[in-house]
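We have chain A; now place chain B onto it with these hints.
Going line by line, the protein sequences match chains A and B.
Residues 899 to 1295 in our numbering are what the first sequence spells out, letter by letter.
Residues 899 to 1295 in our numbering are what the second sequence spells out, letter by letter.
Any given hint might turn out to be false.
Same chains, same names: a pair is fine if it fits in one copy or spans any two.
To be verified - Calculated cross-link-like contacts (lysine-lysine; reagent style DSS-like; alpha-carbon spacing at most 25 Å):
id, residue 1, residue 2
1, 1134, 1047
2, 1203, 1231
3, 952, 1231
4, 1249, 952
No lab work stands behind these hints, which were simulated from the structure alone.
For clarity, every value in this text was computed on a predicted model and none was experimentally measured.
Number of protein chains: 2
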Amino acid sequence: MSSSYNMVAHMHIFAAFTPPERLLMGPGPSNVAPSVLKSMANPLVGHLDPVFVKMMDEIKTMLRGAFLTKNDMTFPVSGTGSAGMEFCFVNLIEPGDEVIVGVNGVFGTRMAEVATRCGAIVTKVEAPWGQIIEAQQIADALKKVTRPKLVAIVHAETSTGALTPVPEISKLVHDAGAMLLLDAVTSLGGCPVLLDEWNVDAVYSGTQKCLSCPPGLAPVSLSSRAMEVARTRKNKVQSWYLDVNLLASYWGEERVYHHTAPITMNYALHEALRLVAEEGLEVRWKRHEQASRALKAGLEVMGLKIASQEGHQLWQLNAVAIPEGVDEANVRKRMLTDFNIEIGAGLGPLKGKIWRIGLMGETARIPNVKTVLSALGQILNDAGRKTDTDGALQAVQ
Amino acid sequence: MSSSYNMVAHMHIFAAFTPPERLLMGPGPSNVAPSVLKSMANPLVGHLDPVFVKMMDEIKTMLRGAFLTKNDMTFPVSGTGSAGMEFCFVNLIEPGDEVIVGVNGVFGTRMAEVATRCGAIVTKVEAPWGQIIEAQQIADALKKVTRPKLVAIVHAETSTGALTPVPEISKLVHDAGAMLLLDAVTSLGGCPVLLDEWNVDAVYSGTQKCLSCPPGLAPVSLSSRAMEVARTRKNKVQSWYLDVNLLASYWGEERVYHHTAPITMNYALHEALRLVAEEGLEVRWKRHEQASRALKAGLEVMGLKIASQEGHQLWQLNAVAIPEGVDEANVRKRMLTDFNIEIGAGLGPLKGKIWRIGLMGETARIPNVKTVLSALGQILNDAGRKTDTDGALQAVQ
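The shape of chain A in the complex, shown without the other chains (with noise of 0.2 Å):
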């Protein structure tokens, strides 16, 4: 084997990498507690520990919490929030299953493509970008498809900053005998997510957002009638990495090795969600509300609108409309290089028409919606549009 050594060349060495501190506020990731950061340093132990088995199990209660259910198949997926949302589909659903999915946004437009790859015939309730999916939509879908096996709905759209309202939505479906699937990614953490009260059969979410911990791992929760859906198929689950079958062998009491879990992401979460549950939901819930109302209150004395459906605009994510004549991607440039704070640009549709400012765990504060405006508004003015930023700051609570 030495012989090979020979042809080996020199791998370049870059230098280490020193990240600028950002202030995130665009779309997630948010930024992170330094707890969380300092416990990402901790030293590794094996995935089968007993003192790691101990802290998952620890990380499944408090996600339990975090999603107000009781739901004993709530975990973190190994992988982004997109992961979580193909780890819903993959499980409930089998070739030619009839799925309905709400489509206001780029998530709803995802789920969709993910449900045909699983074999779903896929019917689309759709609303424009930054409106919601009515209660009446779903109920006209339902009415049309024969045996609707799941309706799937974006609960807070990331891409638009709407927030489509779930109980009613929730009892149409479960009169039709359907399942409930939610996206949640950007709404848990962040303002109500109510899944046991909503009877939401199958939930996935994302870590980045407004659990204020680094992307890498979904959390999920599947209520017992979709685990006996998942358990009962008659095709194996497509993916062997999302199957939850076999997740709940290492998930569960048996602690039989799948894979091997992101240790120090799960440090992370743990750590994350003990500050969600030492703030308090509600609490937390109330300082996005709180850091919105006050971004809006500024962006209105500068003459800025909120581009979402007015009574449905999500607190995390406010969708900015952009003021004619302005190089928008100018201005997030300069927000960015100028100022370190990142806001996120439109998707889709929406590309060019909106800003989006997150305001999402640990960024949503006072402090960082006054910074925000304080840069946005000097920029506008560099750019030659005359804007009070002063008032603005003044409106700011």
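Positioned in the frame of chain A, the structure of chain B alone reads:
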């Protein structure tokens, strides 16, 4: 909405998790260098931030160096090693494709399962656990199968400690017009993995073995031929999350948002690869070889044998045959609780028959070899087996 708040139960607040300092000498994760741990405490940036995008490119360059390949599509999948396995199969296989899988341990077994879930017609080439897959076996299988599209083998079987040589198998596979898929989870960084020289079409690895980075990412590489196969599929890739055609747009020039990359895990991988580059691949392989030789010399004095096939034993994972009459689970338990050393149990048919002593990445050092021999000797002595621990330690060079 505020009325809902009343029903909210308080989340249980657990104590902060403070892991013990383990010496990780099991099948992975391995111990992580201080600078890698520290890198994860760095503040987050966004997944589309220009500074992050530049770091992604550096990771790709360093991974190409580690894999010894020029393959453009070389990057870390946002999941653990098993997600990397699934990535390779879902992209290269369509229903009805004929696949040959070498099965001589847990991971070959898993590959056959994953391929089946992709709709492949799988032919298993089997060897007893602990033995390698012989080139002649592959030659025989290639003759039997009508149109073999892909042959998959595990380079370093973590479950058994056997290292299957690749070059001869690769020649047979390509002469038959098929592609070669390699599991390099445990080999990458610990012994030669010469992707281009061996003409490997698809490979996946993990970060938590000989790269000594926490688990959470799966380095993969696809040859231009494999990319062509993925691009010209008849059916869409069944996994949206792992679809290389979509991932290529995020990890390539265009930087189109696909999913939120696990930012912090990429910090860690960047730093871990930097350390590999600084040490140099040959020096690192040599270090693994020396640590394994030292361990074997010590074990021999203690009357313990390596269970895997002579001449094909891994340096980084040493399968130690458990002597008659030893309570193997109790030995592992005492190693962990009394000495803070993790060693691995046997899996499947090797359960209760071997311990797996890992010497991976940072862990593959002579002082650790002495520590594990000393602890093992003491525990065996306590159990009434006369063991020459001093002699074993003297045998370690």
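Which of the numbered hints are not met once you compare them with the structure shown?
none
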